[in-house]
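K.L.:
Now for the letters of each chain:
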Amino acid sequence: MRTLICFLIGALFGTGLAISGMMNPAKVISFLDLAGDWDPTLAVVMAAALAVSAVGYKVKKGRARPLLAEFFQVPSAGIVDARLIAGSALFGLGWGIAGFCPGPAIAALSTGRWDVAVFVVSMVAGMAAFSLMPRAK
Amino acid sequence: MDAFAPLQGAIGGAMIGLAAAILLLVFGRIAGISGILGGVLPPRSSETGWRAAFVAGLIAGPLIVASATGNLLTVELQSPVWVLIPAGLMIGFGTRLGSGCTSGHGVCGLARLSRRSIFATATFFAVALATVYVTRHLAGG
Chain G
0 MRTLICFLIG ALFGTGLAIS GMMNPAKVIS FLDLAGDWDP TLAVVMAAAL AVSAVGYKVK
60 KGRARPLLAE FFQVPSAGIV DARLIAGSAL FGLGWGIAGF CPGPAIAALS TGRWDVAVFV
120 VSMVAGMAAF SLMPRAK
Chain W
0 MDAFAPLQGA IGGAMIGLAA AILLLVFGRI AGISGILGGV LPPRSSETGW RAAFVAGLIA
60 GPLIVASATG NLLTVELQSP VWVLIPAGLM IGFGTRLGSG CTSGHGVCGL ARLSRRSIFA
120 TATFFAVALA TVYVTRHLAG G
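Those protein sequence lines, which keep their order, are chains G and W. Once you know that position 1 of the first sequence is 0 in numbering that gives the first Met the number 0, the rest is easy, because the numbers rise by one and skip nothing. Once you know that position 124 of the second sequence is 123 in numbering that gives the first Met the number 0, the rest is easy, because the numbers rise by one and skip nothing.
Take every hint as true, because none was put in to throw you off.
Sample of chain W residues with no beta-carbon within 10 Å of chain G, all distances over it, derived: (1) Arg43; (2) Ser44; (3) Gly69.
Rough simulated footprint, nothing fancy, chain W against chain G, three-plus residues with beta-carbon under 8 Å: (4) 21 to 33; (5) 117 to 129.
Don't read these hints as lab results, they were simulated from the structure. Think of the CB as a built atom: it goes at the ideal place given N, C-alpha and C, for glycine as much as any other residue.
Bound-form chain G, shown alone (with noise of 0.2 Å):
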């Protein structure tokens, strides 16, 4: 039941990057290319996203526990420390160079292409390499 909902749940996910055109790289590229053909839309689909998630978390706020789990898992308030600054600039590079962020790249693998599969297997091997440091967690 709770495989079958969060398939579902992922594939609602899935269609939404692939009709927001997020699933492209050239779409996020040009995006990101400020001085180039500006392309606005990937500020849209954040918009539209953060608008729709945060009524969730709205209606979160007005209870003790999920429908279908014990308790919330909601990551709380932490310190900003130079590991999150670090992590995420170091994903900010790879971000700019391929133009996939950890979900397009997923959903790109419908298209059974090798390329994208290429790079999901080296995403896949830089978290692996991560959870191999003696100090992950």
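Position chain W against the provided structure of chain G, taking the given hints into account.
P.N.:
For chain W alone, coordinates are given in the frame of chain G:
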């Protein structure tokens, strides 16, 4: 490549936000793709199954769009594979080190006004903008 597409962007974005809201309200989870994908890697736990199902859904969603609209989905890669590999490694490692990506920090984190996510999102957007400026306008590529 298509030009500015605000309608598709708004519809697609709302679906992404709705998926994040449902995952939160039904299962109490953050829809952070890097965290979900990282959680599929071994060791297996009771959390592996739902994450794998979510990832499978991410791939299935676009297939449904493609068959429903008769449109092949456009994916125009911007770099050769030898460049995509180090970029993928950086993204995988960086999103785990920084505890999130565009979805976890950018959508879910900003939606709940998390201070960490605001800093993370500002950082990855700034670095990505600078990277594209350098690669497109300074490096002659």
